[in-house]
Every structure is written in C-alpha cells, then in structure tokens.
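Chains as they are written, first to last, in our numbering: chain A, 1 to 154; chain B, 1 to 161.
Possibly wrong hints are sitting among the right ones.
[Said to hold, decoys possible] Derived DEER-like restraints, expressed as beta-carbon distance ranges: (1) B:GLU160 - A:ASP43: 30 to 40 Å; (2) B:PRO146 - A:PHE47: 42 to 52 Å; (3) A:GLU85 - B:PHE77: 53 to 63 Å; (4) A:GLN143 - B:TRP108: 49 to 59 Å; (5) A:MET35 - B:ARG14: 54 to 64 Å; (6) A:TRP14 - B:LYS143: 51 to 61 Å; (7) A:LEU101 - B:GLU6: 43 to 53 Å.
Treat the hints as calculated values from the structure; they're not laboratory data. Computed from a predicted model, the values in this text were never measured in an experiment. Don't be surprised by glycine CBs; every beta carbon is placed ideally from N, CA and C.
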Amino acid sequence: MKFITTTFDSLLGWARKYSLFQYPFVTACCGMEYMSAMCAHYDIDRFGAGLTRFTPRQADVLLVVGTINHKIAPVLRTVYEQMTEPKWVIAFGTCTTTGGLYDNYATVQGIDHIIPVDVYIAGCPPRPETVLEGLMKLQEKIQKSRQAWRGRKS
Amino acid sequence: MERKEELNKEIQERFQEFYIDFISPFGDDTLIIKKEGIFPVLSFLKNYGFELLLDITAVDYLGKKPRFEVVYHLLSFKDRKRIRVKAGVDEDDPKVTTVTSLWKNADWLEREVWDMYGIIFEGHPNLKRILMYEEFKGHPLRKDYPFRKRQPRIELLYPED
C-alpha cells in the first residue's frame, strides 16, 4: 500500500505556493523586466505563478511593479483591499521598496507605507533571475507559515 | 543668418514697447520680451512661419526680480529653425495671457505651468491642475516649496522620513 503522511498545514501550503494567481500593478519601467520574467525565456509559469488575473478579486499575489506616487496611492490601497484572503504582496524593484531615486514631493518612500509587504525584490530594475528568486522566497514563506483556513487566522 | 537679423529688426520695429533683447546663446535664438507682449508677439511669430508650439515652461529665479520667467519654444518646419521666447513674470502679479487660441496644445502645457509654478494664464478655458491631485497645496517646482514635503492623500501605515 502506497501512501504518504503530512500535516494539513504543509499540504495546504504546498498547494498554495504552486498556484499563485498574480495581479500585476505595473506603473513604471520595472514592467519590462516583469514581462521578460513572465515570458518564455525565464518562464515564471515553471513556479506555478504564470496565471495573471486582471482583477484583484481573483488574485493571490499583488505584484507592485514600479514607482508609486502619492497620487496613485489610494488606488493601490483599494486594489489591496479588494483582494481576497489569503493574499501576499511583492514589492518589485527599488522604487517600491524605498522610493528609490525619487526622494521628492511626489513619490511614496516605499509601498510599505500603504500596504503590508511580504517580499522585497531589490534592483533598478531587478533582473528576471532576481524576480524568480523573490518568488521562490515567497513560496518558502507560504510553505512555512500557518495557513488561514475557513475562519482560522494565519 | 541674414534672416535672423531681418526677423530681429522686424520684431524690434513692430513691437517697440515689448522688445527687450534678442540673443543667441549656444546658437539658440532667444527673444526676450515683456509679458504684456506675449500674445501679440507669439501670434506674429506664428504667422511669420513658426507654426508649431513645442513647449511652454517656466523658470523660478527665487530672490530675483522678476521672480519667474515663462519660456515658449517654437519651431518652423519651412526654415528648419527654432526660436525661444522668454518673458519675466513677477510674483506679485503672476498673470500671463493664454495662447490657447493660437495653438490648441497650449491648453495642457499652460495647465502644467500653472500646476508646477502657479502662474495664472488669463483666458485659459480650463485652468486646473494636470499632474498633481486637486487636494495638493502649493506648487511643487517653486524654489520655496520644501524639497521633501509630501502630501499623502490617505493615512499612511507609518510616517515617512
């Protein structure tokens, strides 16, 4: 008789980490690197994150790609709030992690001022390998964390 | 070169009361006039052959008088020539006549100058902010606007800086 034993948490984590539906919030030049990470050459689908949803209601991961300024900040928060649990956020590139080059009147100094962030990907813009590394870090985090399930908090 | 001299002379004769100077720093022809002359001089230049308005912008010389300078860039396809028209605008009366009736694209360019520098374009059909949000106070490209003064629209999770 062939069988394996596991815990419910790790089974759920395994299922969740390999089926990340993502919502790309692309505002700037990092979008180019995002596109190349998505397309055939680097193929983010190998990690189960190939399915892009263009509504936050169907997405698990919010990829914030590019500079966020104060004018668009309320939009980003609304998008985050519209996502259903469980949800994760990746800050893609230097602008989203710290504000990057733009320490001025317009730019938010890191999107963690607006929404909670799980993984920060550095680089201006980050190379696709870095993006994949960031995604794998997120998968690791999902696998290790206590899973939210039917009202049970994570 | 001759044509440039000719143009200079013609403007000098036609617009004596507005004319200040005609210079060519680094080969860029620049006409300096009084701000009252912006509409007549620009409409003359449009008929003269500078049919495309490339850009309207402003410069803030904080501490000088007049404080601002409004800059217009024009292009002539026929002569393959460009001209820059500058006019000083003072802080106490930051008002300039609009050129939206000459060039349609002046609409957005003038809105940008108003947004960034607070220079009012009299007669503009829809003078409101174009880049910053409506709640934004002040004009961010003015030299006395604090460099890092941010005006969040929503409550932040923790304060910046």
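Exercise. Please name the hints from earlier in the document that this structure breaks, with their numbers sorted from lowest to highest.
Key: none
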